[in-house]
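Engineer: These are the residues of each chain, in order.
2 protein chains.
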Amino acid sequence: MEQFVQWVPLVGAVGLVLAFLIYFNLKKLNAGTPRMQEIADQIHVGAMAFLKREYVVLFFFVVIVGALLAAFLNPQTALAFLSGAVCSILAGFFGMQAATKANVRTAEAARSEGQGKALLTAFDGGAVMGVSVASLGLIGVGLFYIFYGNPAQASIINGFAMGASSIALFARVGGGIYTKAADVGADLVGKVEAGIPEDDPRNPGVIADNVGDNVGDVAGMGADIFESYVGSIVATIAIGATLLPEGLTLLKATPEVGDESIKSILMALPLILAAVGLAASFVGIASMRVLKHFSPAAALRYSTFVAAGIFLLASLWIVRSYDVSNNVFWAIFFGAIVGIAIGLITEYYTSGPPVKRIGIASKTGAATNIIHGLAVGLESAALPVIAICFAIYISNDVAGLYGIGIAAVGMLATVGITMSVDAYGPIADNAGGISEMSGLGPDVRKITDSLDSLGNTTAAIGKGFAIGSAALTALALFAAFSQAVDASIAVRLKEMQAAAMELPAQWKRYAMLLAEGEAPLQIVVTNPSVVIGLFIGGVLPFYIAALTMTSVGRAAGKMVDEIRRQFREIPGLLEGKEGVRPDAARCVDISTTAALKEMILPGISAVVAPVFVGFLLGPAALGGMLAGATVTGVLLALMMANAGGAWDNAKKAIEKGEVAGEKKGSDAHKAAVVGDTVGDPFKDTSGPSMNILIKLMSVVSLVIAPLLMR
Amino acid sequence: MEQFVQWVPLVGAVGLVLAFLIYFNLKKLNAGTPRMQEIADQIHVGAMAFLKREYVVLFFFVVIVGALLAAFLNPQTALAFLSGAVCSILAGFFGMQAATKANVRTAEAARSEGQGKALLTAFDGGAVMGVSVASLGLIGVGLFYIFYGNPAQASIINGFAMGASSIALFARVGGGIYTKAADVGADLVGKVEAGIPEDDPRNPGVIADNVGDNVGDVAGMGADIFESYVGSIVATIAIGATLLPEGLTLLKATPEVGDESIKSILMALPLILAAVGLAASFVGIASMRVLKHFSPAAALRYSTFVAAGIFLLASLWIVRSYDVSNNVFWAIFFGAIVGIAIGLITEYYTSGPPVKRIGIASKTGAATNIIHGLAVGLESAALPVIAICFAIYISNDVAGLYGIGIAAVGMLATVGITMSVDAYGPIADNAGGISEMSGLGPDVRKITDSLDSLGNTTAAIGKGFAIGSAALTALALFAAFSQAVDASIAVRLKEMQAAAMELPAQWKRYAMLLAEGEAPLQIVVTNPSVVIGLFIGGVLPFYIAALTMTSVGRAAGKMVDEIRRQFREIPGLLEGKEGVRPDAARCVDISTTAALKEMILPGISAVVAPVFVGFLLGPAALGGMLAGATVTGVLLALMMANAGGAWDNAKKAIEKGEVAGEKKGSDAHKAAVVGDTVGDPFKDTSGPSMNILIKLMSVVSLVIAPLLMR
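If you read the protein sequences in the order shown, they are chains A and B. Under the numbering used here, the residues of the first sequence are numbered 0 to 709, in order. Under the numbering used here, the residues of the second sequence are numbered 0 to 709, in order.
The hints are simulated quantities; they were obtained by calculation from the structure and are not laboratory data. None of these values were measured; they are calculated from a predicted model. Mixed in with the good hints, there may be bad ones.
Intra- or inter-copy, both count: the list cannot distinguish identical chains.
Unchecked claim - Mimicking DSBU-like on lysine-lysine, the simulated pairs with C-alpha atoms at most 35 Å apart in a straight line are:
| # | residue 1 | residue 2 |
| --- | --- | --- |
| 1 | Lys596 | Lys51 |
| 2 | Lys557 | Lys493 |
| 3 | Lys651 | Lys662 |
| 4 | Lys557 | Lys445 |
| 5 | Lys655 | Lys51 |
| 6 | Lys507 | Lys596 |
| 7 | Lys662 | Lys251 |
| 8 | Lys596 | Lys355 |
| 9 | Lys355 | Lys669 |
| 10 | Lys655 | Lys669 |
| 11 | Lys291 | Lys662 |
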């Protein structure tokens, strides 16, 4: 087993090479008419400009935090942190490069070769992101594992996850603010005030809106999933490294295996599973060449099932052929199943009967549309949470805390394909925008519309999956955190006893608990400082949600002013005079500046809060805070993502004539547009920020854990 | 001390007599013109009809639950449960009687005697409710304390709190659905479709709307506060009864006091403080006779301060003159202060700068109005939660878990006056409605409008206070629950040891922890079943909020249909033809039926959930569930109450011309009306239901605690 784990970075490297091959194949495709290329260029330049400016801001943050880690912990952790940050940035960069090439080629494929080829082009664009995420994760964690993959040094690898998380927060929040400021701003002036269609080339905000799809839904989502992927692997390694003998016994297939050898197997297992998951994802991606002849929805779904099936079979074989108990396989199995279940529940709430309900409620106006949408969102949190509880219960029952970690790995191992399907959505959306702006006509638009509409469903499912995996990852990180504190208590206690120091009362208690083989850190809910932690943790997602929603509102306001100004001051623009073009670059700049400015406060809050609570109120309060933040963060994320998705589709249902007596432009439709606009920051800014927030706080706590008991 | 506690029921009885005196004085006042009396009669009849039908539904619930308690616990607990339910019902009944007499007399006082007298009349109407709540609480808990106020039997008193809580949930949820179904329905057809003013006599839903103010804001709020009041006292008695010797030592003024004697003092203290608080409230109520010459806002505020000041001085004297440590006073002091602080924070968010922000956001339409309103609501949870954490920290630091209980008592002891101020609001609102419907002219309407607008502020402050006190009460009940489980583990263990039974592993652990003087029930957050409890508890408030919001939407839809039908089918109604009256009784009946039907599911869920989790997953998971529900319940309650209040006042700010360039009827005003309508179920149905939910689940857990370890 330990031999194989040495090859994991190589698997990652092979994956990266394949991602490049997909990319170069994609680039060779026809990029369409000059007008199409011009528009695609504007989107590409805007997206890359945002990334560059974002990286400058992040550079300072990463260097400062890295220096602090080097000073207070050790240089190796700082190096891991920097590597995690760089890998996350690279994944985002590769994904965006591919997405901004694939969009126009998808439009061209729809124009000249039909739906099958267009689907495949958009999917391949997404696959570059999906494969890059998995490959960079394997290379990064794999390399650090080769150097530090032993129980004494494994905590260094945590730095890698923290690096990935830090970038993810800024990418998600910044990207979310960017995309929704552009979207809401362009819609409010273009669709509502000026009465011109979506993606109309006269609208100065349309390019920014299309850039936003890439910045938010490709780079932001990629960073989010990369963080979960890395976080689940790192947490499971950390849990394995600090497992006590009783825990190890539970996980052995036969009693004869030695504790040290099972421990090294358990630590290596998440990486090996992830490598196998990447290979399975390739098979899924390749199967799209055959599956493209099915309906697009079926093709995407089957390719995911193919990968998941292969992964589960392979993981059963791996677990059985080493000395690991079958129970561990069941944790993996139920992790993967629950991930799929949450996706299906999300699909129900964002395109099933609840959407109809919102559509009908729109008949009595915007207020009832909003009330019913919020109610659907609130209600939609229940089933996914029960599914998560089910995963926790089963995986803990069969394999203890290690089971929770490995279940998260099972859910995320085939990220190569799930992320491909996810990134397909914004590419299809962009392709539609480019078709409209370059006037490719209704036939082409019909193909891109159908691909785009499918993209909305995959995006909703992807969001559910992102939340579910974030929840399990956060819990695994939380378990790792408490074990890390326990370990550092044990170390410090030995030091104190060796120095024959008089133990304070608290430390006498720790000594007693350790002597009895119990965890010394008891995060007991009846302890008032834990209750305070729970409340502070619980309110943080509310606070971050408020910040990000206000940011979108503010940035959208600036966008509205600029678009109004251009319509007013550029002669002939609104009338569509030949050769008159809007100043799209100004709008791109407004979104970029606003997003970078507004991402700072939420980002800093999330990093500072655990440090502050941990050192001021102690590790038990910090544990309470993580638990509180995870609970309300998951609930708000589900509520916001699903309410947003349901509002969006309720509007679309009215447009398609699925709500009796209503159509585009009717009063009910106008009411539904209000809901859709409210849902925009819900589902694409504030909601997704929650995933990162809970993981980032957990991973920061895990990294600072050794310092808390000094 | 123990002598004095015998007199507590008598203090309550005196209070009740004074409440009757206020009521009879009120009834003697002039009830105005025949038309006014006719309208007031309709409101009175409608309100009483609702109460009667509600009581029939509750009768079955109370009898069934009482029988279950008698069968599984003991007949005394069942009796306490029935008494708590009856006292809660009586408090609601008295309050509604007074409120539906005071409304028309307030209108008449405004017409014939001016603002000062009108203020006093509305306030006296509220005072009947306030004094009844406190008096019935003292009589009920006081009597049970005389019989069972010893450590061995004190758990019987918990039944009283459970009875109060059960009624409260149904009263709050039913009342909340009633009032908002009527309000939203009447507004949607009357104001929006038909374009007639609020409270116009032609609108068939207006009587139901005015009945709703009484049913929801008087009876519902009264039951909520009664529950907190009783719950905080009962929880503190329970904590005192089960305190271990170390806890007792902390609370003695001098070490010489015996454990048993300090225990009985600590158990009696919450009742004595509540009795003193009622006396202080009387002084506050009486001081209104002098204070009415100030501005109404100042008068209401000062009367509250007078009562709070007297109460704090008296409680300092009580604590010092018995053998209780000064620390206990500080817990009382900070409890009272934090209650006031939360009220002030609420006032900031519902009438300060955030309201302006929402008003300005309305200029770009309903969507931005909603986005900013939600952001304000989400943000507004932060400071109150920090204040609650501060109260927990200080009170626990000075006096342990007992401190948390007694802080809640300190916050609630002067409920006689806070509830009076609170119930004043809906009476003033009703007085405005009656003036409009009976055409008393603009001068009278100006007085009632100013009293009504003040009522909105006091209602918002009252809601903040209700949430803060619910949070502390729930935490105190939670502490009492965990101590009760500990106590029953100790009892059961003794039985098992006496029978020389072989102890299961779990019970060996309990024995070890008890031997070390530790609590055997360890609700540890790293225990997966506690995590599952946290998640299930966390999602319950989301689920109940979804249920209640959907209920309001559904019931309002029925109301809309009926009002439209009447406008269509009753000739001359909409034109205002002389002698043509709408069929108000039909609308009252629709609201009543809908409210009673829709309150069942949320009510049953809240009672059943803790029983289900407790017996299926065990007491640790149940503890996790209570903690999770308290955190998200408090957060949602704050968010919903404050967002709702802010939307309401943003609309009013535009109407008053406080948002530059906008006025009643402008597009921004229409957008603000959407926000106001969304806010209605937020602040008056779903938000307030959270308070009860968290208290009810805690008290049900406390009552079933002895059964969980059998």
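Engineer: Classify it for me, Lys596 with Lys355: is the Cα-Cα distance of at most 35 Å met within a copy, between copies, both or neither?
Structural biologist: between (39 Å within a copy, 24 Å between copies)
Engineer: For the identical chains here, do Lys557 and Lys493 meet the 35 Å Cα criterion within one copy, between copies, both, or neither?
Structural biologist: Answer is neither; intra-copy 59 Å and inter-copy 71 Å both fail.
Engineer: Give the relationship of Lys557 and Lys445 under a CA distance limit of 35 Å: within one copy only, between copies only, both, or neither.
Structural biologist: Answer is within; shortest intra-copy Cα gap is 33 Å, inter-copy 40 Å.
Engineer: Tell me, please, which holds for Lys662 and Lys251 at an alpha-carbon limit of 35 Å: within, between, both or neither?
Structural biologist: Neither: 62 Å inside a chain and 74 Å across chains, both beyond 35 Å.
Engineer: With identical chains treated as interchangeable, where does the CA-CA distance between Lys651 and Lys662 reach 35 Å or less: within a copy, between copies, both, or neither?
Structural biologist: For Lys651 and Lys662, the Cα distance is within 35 Å both inside one copy (10 Å) and across copies (33 Å).
Engineer: Could you place Lys596 and Lys51 in one of the four classes (within, between, both, neither) given a Cα distance threshold of 35 Å?
Structural biologist: Within. Shortest intra-copy distance 14 Å satisfies the 35 Å Cα cut-off; inter-copy 59 Å does not.
Engineer: Have a look at Lys291 and Lys662 and pick one of within, between, both or neither, based on CA distance no larger than 35 Å.
Structural biologist: within (33 Å within a copy, 57 Å between copies)
Engineer: If the cut is 35 Å between Cα atoms, do Lys655 and Lys51 qualify within a copy, between copies, both or neither?
Structural biologist: Neither, since 40 Å and 48 Å both go past 35 Å.
Engineer: For Lys355 and Lys669, with the copy left unspecified, which applies at a CA distance of at most 35 Å: within, between, both, or neither?
Structural biologist: Classified as both; 16 Å inside a copy, 26 Å across copies.
Engineer: As a check of your reading, is Lys655 near Lys669 (CA-CA no more than 35 Å) within one copy, between copies, both or neither?
Structural biologist: both (14 Å within a copy, 28 Å between copies)
Engineer: At most 35 Å between CA atoms: does that hold for Lys507 and Lys596 within a copy, between copies, both, or neither?
Structural biologist: neither (49 Å within a copy, 58 Å between copies)
Checked against the numbered hints listed earlier, the structure breaks hints 2, 5, 6 and 7; every other hint is satisfied.
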